[in-house]
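Enquirer: Protein sequences appear in the order of chains A and B.
With the first letter of the first sequence counted as 1, position 82 gets the number 82 in the numbering used here; the numbers rise by one all the way through.
Basically the numbering used here = 1-based index in the second sequence + 337.
Simulated from the structure, these hints should not be mistaken for laboratory data.
Keep in mind that the hints are not guaranteed to be accurate.
[As the list claims (entries may be wrong)] Below, a list of computed lysine to any residue pairs in the SDA-like style, where the Cα atoms sit at most 20 Å apart:
#: 1; chain 1: B; residue 1: Lys-556; chain 2: B; residue 2: Glu-774
#: 2; chain 1: B; residue 1: Lys-382; chain 2: B; residue 2: Lys-463
#: 3; chain 1: B; residue 1: Lys-463; chain 2: B; residue 2: Trp-395
#: 4; chain 1: B; residue 1: Lys-764; chain 2: A; residue 2: Ala-106
#: 5; chain 1: B; residue 1: Lys-763; chain 2: A; residue 2: Ala-106
#: 6; chain 1: B; residue 1: Lys-465; chain 2: A; residue 2: Pro-317
#: 7; chain 1: B; residue 1: Lys-777; chain 2: B; residue 2: Gly-380
#: 8; chain 1: A; residue 1: Lys-257; chain 2: A; residue 2: Phe-273
#: 9; chain 1: B; residue 1: Lys-465; chain 2: A; residue 2: Leu-321
#: 10; chain 1: B; residue 1: Lys-763; chain 2: A; residue 2: Tyr-116
#: 11; chain 1: B; residue 1: Lys-581; chain 2: B; residue 2: Thr-600
#: 12; chain 1: B; residue 1: Lys-691; chain 2: B; residue 2: Val-543
#: 13; chain 1: B; residue 1: Lys-550; chain 2: B; residue 2: Lys-382
#: 14; chain 1: B; residue 1: Lys-764; chain 2: A; residue 2: Ser-114
#: 15; chain 1: B; residue 1: Lys-764; chain 2: A; residue 2: Lys-36
#: 16; chain 1: B; residue 1: Lys-581; chain 2: B; residue 2: Thr-638
#: 17; chain 1: B; residue 1: Lys-773; chain 2: B; residue 2: Gly-398
#: 18; chain 1: B; residue 1: Lys-463; chain 2: B; residue 2: Gly-548
#: 19; chain 1: B; residue 1: Lys-556; chain 2: B; residue 2: Leu-693
#: 20; chain 1: B; residue 1: Lys-465; chain 2: A; residue 2: Ser-318
#: 21; chain 1: B; residue 1: Lys-581; chain 2: B; residue 2: Ile-540
#: 22; chain 1: B; residue 1: Lys-556; chain 2: B; residue 2: Met-680
#: 23; chain 1: B; residue 1: Lys-465; chain 2: A; residue 2: Leu-322
#: 24; chain 1: B; residue 1: Lys-581; chain 2: B; residue 2: Thr-520
#: 25; chain 1: A; residue 1: Lys-36; chain 2: A; residue 2: Ile-204
#: 26; chain 1: B; residue 1: Lys-581; chain 2: B; residue 2: Ile-624
#: 27; chain 1: B; residue 1: Lys-461; chain 2: A; residue 2: Arg-324
#: 28; chain 1: B; residue 1: Lys-461; chain 2: A; residue 2: Leu-321
#: 29; chain 1: B; residue 1: Lys-465; chain 2: A; residue 2: Arg-324
Chain by chain, the residues run as shown.
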Amino acid sequence: MSYEIIGITVLWLFLYGYLIVASVDFGAGFFSYYTKRTKKDHKIHSIIQRYLSPVWEVTNVFLVFFFIGIVGFFPDTAYYYGTALLIPGSVAIILLAIRGSYYAFATYGAKESSFYNFLYGATGLLIPASLTTVLTVSEGGYIQVQGDNVQLLYGELFTSLYSWGVVILAVVSVLFISAAFLTYYAARAKDQTALELLRKYALIWAGPAIGMGIIVFFLLGRRNPTHFEGMLDLWWMFAVSFAAFAGALYFIWKRKKYGTAFILVMVQYFAAFFAYGAAHLPYLLYPYLTIYDGFTNDAMALALVIAFIAGLLLLIPSLYLLMRLFLFDAEYVEGRR
Amino acid sequence: MFFENDPVLLSRILTYLTLGFHAIFATIGVGIPMMIAIAEWMGIKRNDPHYTLLARRWARGFVITVAVGVVTGTAMGLQLSLLWPNFMQAAGHTIGLPMFMETFAFFFEAIFLGIYLYTFDRFKSKMKHFLLVIPIVIGATASAFFITTVNAFMNAPQGFEMVNGVVTNVSPIEAMFNPATPTKVSHVIITCYLTAAFVLGAIAAVKIIRGNKSVYHRKALHLTMIAGAVFALGTAAIGDFSGKYLHEYQPEKLAAAEWHFETETEAPLILGGILTDEGEVEYALEIPYALSILAGFSPDTEVTGLNDFDEDELPPLFVHYFFDLMVGIGMYLAFVSMLFVFMNWKKGWNAFNKPLLMMIAAGGPLSIVAMESGWIFAEVGRQPWILNGIMRTSEGATTSDHVGLMLILFALLYTVLGVTCITVLKKMFQRNPVEKEMHKRGIDNYDIR
Ligand code: HDD
Ligand code: HEM
Ligand code: HEM
Numbered sequence: 001m002s003y004e005i006i007g008i009t010v011l012w013l014f015l016y017g018y019l020i021v022a023s024v025d026f027g028a029g030f031f032s033y034y035t036k037r038t039k040k041d042h043k044i045h046s047i048i049q050r051y052l053s054p055v056w057e058v059t060n061v062f063l064v065f066f067f068i069g070i071v072g073f074f075p076d077t078a079y080y081y082g083t084a085l086l087i088p089g090s091v092a093i094i095l096l097a098i099r100g101s102y103y104a105f106a107t108y109g110a111k112e113s114s115f116y117n118f119l120y121g122a123t124g125l126l127i128p129a130s131l132t133t134v135l136t137v138s139e140g141g142y143i144q145v146q147g148d149n150v151q152l153l154y155g156e157l158f159t160s161l162y163s164w165g166v167v168i169l170a171v172v173s174v175l176f177i178s179a180a181f182l183t184y185y186a187a188r189a190k191d192q193t194a195l196e197l198l199r200k201y202a203l204i205w206a207g208p209a210i211g212m213g214i215i216v217f218f219l220l221g222r223r224n225p226t227h228f229e230g231m232l233d234l235w236w237m238f239a240v241s242f243a244a245f246a247g248a249l250y251f252i253w254k255r256k257k258y259g260t261a262f263i264l265v266m267v268q269y270f271a272a273f274f275a276y277g278a279a280h281l282p283y284l285l286y287p288y289l290t291i292y293d294g295f296t297n298d299a300m301a302l303a304l305v306i307a308f309i310a311g312l313l314l315l316i317p318s319l320y321l322l323m324r325l326f327l328f329d330a331e332y333v334e335g336r337r
Numbered sequence: 338m339f340f341e342n343d344p345v346l347l348s349r350i351l352t353y354l355t356l357g358f359h360a361i362f363a364t365i366g367v368g369i370p371m372m373i374a375i376a377e378w379m380g381i382k383r384n385d386p387h388y389t390l391l392a393r394r395w396a397r398g399f400v401i402t403v404a405v406g407v408v409t410g411t412a413m414g415l416q417l418s419l420l421w422p423n424f425m426q427a428a429g430h431t432i433g434l435p436m437f438m439e440t441f442a443f444f445f446e447a448i449f450l451g452i453y454l455y456t457f458d459r460f461k462s463k464m465k466h467f468l469l470v471i472p473i474v475i476g477a478t479a480s481a482f483f484i485t486t487v488n489a490f491m492n493a494p495q496g497f498e499m500v501n502g503v504v505t506n507v508s509p510i511e512a513m514f515n516p517a518t519p520t521k522v523s524h525v526i527i528t529c530y531l532t533a534a535f536v537l538g539a540i541a542a543v544k545i546i547r548g549n550k551s552v553y554h555r556k557a558l559h560l561t562m563i564a565g566a567v568f569a570l571g572t573a574a575i576g577d578f579s580g581k582y583l584h585e586y587q588p589e590k591l592a593a594a595e596w597h598f599e600t601e602t603e604a605p606l607i608l609g610g611i612l613t614d615e616g617e618v619e620y621a622l623e624i625p626y627a628l629s630i631l632a633g634f635s636p637d638t639e640v641t642g643l644n645d646f647d648e649d650e651l652p653p654l655f656v657h658y659f660f661d662l663m664v665g666i667g668m669y670l671a672f673v674s675m676l677f678v679f680m681n682w683k684k685g686w687n688a689f690n691k692p693l694l695m696m697i698a699a700g701g702p703l704s705i706v707a708m709e710s711g712w713i714f715a716e717v718g719r720q721p722w723i724l725n726g727i728m729r730t731s732e733g734a735t736t737s738d739h740v741g742l743m744l745i746l747f748a749l750l751y752t753v754l755g756v757t758c759i760t761v762l763k764k765m766f767q768r769n770p771v772e773k774e775m776h777k778r779g780i781d782n783y784d785i786r
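Just chain B, same shape as in the assembly:
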């Protein structure tokens, strides 16, 4: 039976469900304030009300997604104790601190968001209002920073001693700033920005494809694509460093991601393919030397293979596909955004052609898929460990018999929340289309520059 009542398996599925759902809203919640800040800044610098209106409308939609981010985050925070009591008992000492600080960061963000929303027209100086968005960006990014250090700790635990199964001698700072922290934190934060840029860009692209002629949407697209290109390049660069981190500290994860069996130098990178029952890789694209370069800058780097690890300490090999999906989409996003920026810059070329717009529109959902794949790769790739090398996932889980029922309840909850959230957002913007709002605020619908 697939669904025998196994609390460990069910807890893993429920955790996956909650995190997968929270991650969408959290990622958007971290990324959009950055985009709002950029838009409002452009509005001031160019004295262009279109950009200010962008900031205003994005902020309004943002409030809805924040609400779902908050409630699912609260669910996650409580569920960690409910589903992984043994893990929290062991690790609560060490990771309590950053989790606690995440809440502060978020609180800080929430307060300024409240003020920001209600004060668009209260101040005479636009600069004053812009200053209010800075704490929102800082708070959101700090949230991501703190929670990701928790996850980094799970991958590279340090800063404590394990004596007879009890965690002692804890140094919370050392635990927070573990070897996984730099690459993990920076990769997560920049992909949040990247995802937000593409989600917002995709909305603009869809509007233009549907025949909307407002310059508002063209400016939105241009802005998001420039930002997207910068973030996509940053993502690829930091992703490369993440690979080097894995090579150094979690070689089994890298080997599983790459189906790399024999320890060797000049290792090739394997893209796609399938794994036969005999453990042969077929139909894959091999890029010579690339894995060695990813792991350590040079083809001479020796990359440890799967055969050098204990069978029962290896993650499932399907993580390969998630890794490839993430990297593939990363490349795609970089390509699309740079192409748009380039064509827009060249005189006489039309960047707003339909095929390119369609590709940008696809980039929105794809960036979310990449983000989820990245997490699945990172989390499943850590198995069988919940605390890498120290505690197994099966030891961390609850022993309660009712996880299955809860799984069903939460699946229902997220379905309802997701559907209503989308409906509400749709209604909100349909009832108040941008043309109407521009008219109301006396903003011209042509380029005033």
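So here's chain A without its partners, still in its complex pose:
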């Protein structure tokens, strides 16, 4: 395998990690707000609080890894995306900043406040919507390059069916992934009322999630036929994805093996996400930028890969410790600690 492929695979893995961890986090924020509005919060509040407290920084780090890593491996992305995405990028930063800091303020500092809660819920849906702009733009046709100037075509972006499809897909996926995880977490905590409510959310959002997936799949066919062809060649990965979805739904429906169900949801998104990504290659931005552009030096790639591995060796044990102490410590999960 070439360094280019190794590099993009590692980065894609991090982005996938972010997709899962962040979805759980974003969705939890939204459910927490929604149940408060509908006065059902007593049912799931403590579950969400206990899960969220130790992990929010971890979520952020996955994203930072990705955008620092991609500029390290493929510096030309900074030129194209950096110039074009000034506004959506800045909006995403501001939302992330509000979310992160106000979460910390509410948890460690001030008392519960409905305003903080609102911010936390709203940003949970707005951030995925704004971040997906990057994926949409990568399909080509939304960016204009004239000489030295790269411009985002806002009219095109806001009137395109595909771009709205992706936004909705992102939002419903967040809700589905999150509900599936929290259902499992509530089951671990032996919290029956929370379990019932969250299971209901998981079932409600399963349909839209898979439905939007299929719709966006076909919208892409109109938007970018080359990419679409590539995805058709990888049809079996989408089949795996669909099968995993069906399995997850089955278990949640039958009220058993919530853990396996969540793993299947992860498989579902893993297969679809990697099939999408693999078919996208070699383009990072249609039709301007491929992974082979600007990737001039192997020394840096090697150094980055080594740093990645060394970093992972450092992180995995620490993450394990964190999980042991908080996520999967039965007493902590059940709220006895």
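Given chain A, work out where chain B with the ligands should sit, using these hints.
Expert: Same frame as chain A, now just chain B with the ligands:
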């Protein structure tokens, strides 16, 4: 018009805003774990619960500042690509590595911070809990180390070749360990510790001025001032080496900082003053030979003057004031902390007198001002280069027309974040004053030694 739509100028202002804001929280974020570790260690060594309580309360406030540090750091990381796409395109290869490692270091710190906070009472052995603070200190300091090597690279770029405007043959290690790295990294790290010591010391001093009689605050003040004195002396010593580095590698920056026009030996150091339109320095305090000594240990050192450089490759001369402000405050902090330590050590002298306490209280904000001035001096003093001698700042910036709007948005964001952060911290400690917490934990409010 001052605010014509110039993306370069606006990008510079926005970068300055984000970095200036991040720097406050980053500096505190690097320094406070060190102070927490010292306090917890003292608590164990002296078997004194006051120090352990110090560590506990500092850690609690620290979490809030870390959160703001993280989100502003994330903003900075993304903004580098958004505002300086051409710079990142050219330099991404080389500086991607340390930036990447900074994230790892921070991640490492964050995980142990989470564990540390929730395990104050979980372990039987206090030593075990103390061991958890070590990775936090290492992670925070490593963060500062890695990101500062990036900045050092911008000042003394090496480890690559420039062929037709494209960076090739990169050696990331050589790029990281460039000539600016040793002085820059060590000066930044020790000033982080210094700033944290003074910020925490100032809080204790204010409490005592307001009439609080707890020994807790007296111990806090004593501890922070001893640490502050050590760090202040270290800062001055390493700052001196930074001057020698500049003399060797960025003489134009040193000359601009010192308004030093003619190349000469036995050069004097100029403090304060104003520059007339004819380029004469007036009302300044001159210390004979001092600049030559700062640059190279001896009065015989020849210091290159501004007149020997191209006009359009010189930084703005107002950096002089920022340099003086930083050095002046550095001296002040060293003086105040040593005076306190000395008076406290002398039998029969009262170190807790009001004027001295006021001076310490001023030291908190002043240390932040010094840190910011240092950065402004270092960054503005590098102009017109973004990569010293290789790429001009104007070539690095974005060409987008919307930077002005973003500038307004971010200014709003930082205002809101800053204000809320302070309010939350205030509330947090007012709701749980130290006397209440000591009472709850059964700690006596007098000196048990
Ligand atoms: C509390 C903060 C603080 C204090 C008291 C001092 N400094 Fe400083 N200084 C910094 C905080 C700082 C900094 C923020 O950390 C800088 C900015 C960039 C850098 O590398 O460190 C810096 C830069 C910096 C530079 C420029 C390095 C470069 O651009 O490469 C020099 C020559 C000095 N310092 C010298 C001194 C001297 C002689 C001091 C006398 C006591 C001093 N500093 C006190
Ligand atoms: C945290 C403390 C820092 C502060 C307060 C600070 C301050 C500034 C200021 C005032 C400028 C504008 C200079 C001008 O345009 O005249 C600037 C520019 C810049 N700084 Fe720093 N800086 C800091 C650290 C860093 C570090 C560690 C890096 C490297 C990663 C960095 C990268 C940049 C870049 C890319 C620019 C824009 C290009 C330029 O104007 O040269 N800064 N910074
Ligand atoms: C004076 C220079 C700097 C120091 C000492 C510093 C230090 C730190 C520290 C200690 C943190 C962790 C948060 C905390 O503990 O408060 C942090 C966060 C961060 N900093 Fe800075 N920083 C500096 C400048 C920069 C610059 C110029 C950038 C942009 C390239 C940057 C990017 C980041 C990022 C991305 C994070 C968030 C990490 C994450 O979420 O994974 N920092 N920084």
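Enquirer: Now, for every hint given, state plainly whether the structure supports it.
Expert: Hint-by-hint comparison with the structure:
no., hint, result
1, B:Lys-556 to B:Glu-774, "holds (16 Å)"
2, B:Lys-382 to B:Lys-463, "holds (10 Å)"
3, B:Lys-463 to B:Trp-395, "holds (17 Å)"
4, B:Lys-764 to A:Ala-106, "holds (12 Å)"
5, B:Lys-763 to A:Ala-106, "holds (14 Å)"
6, B:Lys-465 to A:Pro-317, "holds (18 Å)"
7, B:Lys-777 to B:Gly-380, "holds (18 Å)"
8, A:Lys-257 to A:Phe-273, "violated (24 Å)"
9, B:Lys-465 to A:Leu-321, "holds (15 Å)"
10, B:Lys-763 to A:Tyr-116, "holds (18 Å)"
11, B:Lys-581 to B:Thr-600, "holds (16 Å)"
12, B:Lys-691 to B:Val-543, "holds (10 Å)"
13, B:Lys-550 to B:Lys-382, "violated (24 Å)"
14, B:Lys-764 to A:Ser-114, "holds (17 Å)"
15, B:Lys-764 to A:Lys-36, "violated (25 Å)"
16, B:Lys-581 to B:Thr-638, "holds (11 Å)"
17, B:Lys-773 to B:Gly-398, "holds (17 Å)"
18, B:Lys-463 to B:Gly-548, "violated (33 Å)"
19, B:Lys-556 to B:Leu-693, "holds (16 Å)"
20, B:Lys-465 to A:Ser-318, "holds (16 Å)"
21, B:Lys-581 to B:Ile-540, "violated (35 Å)"
22, B:Lys-556 to B:Met-680, "holds (15 Å)"
23, B:Lys-465 to A:Leu-322, "holds (16 Å)"
24, B:Lys-581 to B:Thr-520, "holds (9 Å)"
25, A:Lys-36 to A:Ile-204, "holds (19 Å)"
26, B:Lys-581 to B:Ile-624, "holds (17 Å)"
27, B:Lys-461 to A:Arg-324, "holds (19 Å)"
28, B:Lys-461 to A:Leu-321, "holds (19 Å)"
29, B:Lys-465 to A:Arg-324, "holds (17 Å)"
When held up to the earlier numbered hints, the structure conflicts with 8, 13, 15, 18 and 21 and fits the remainder.
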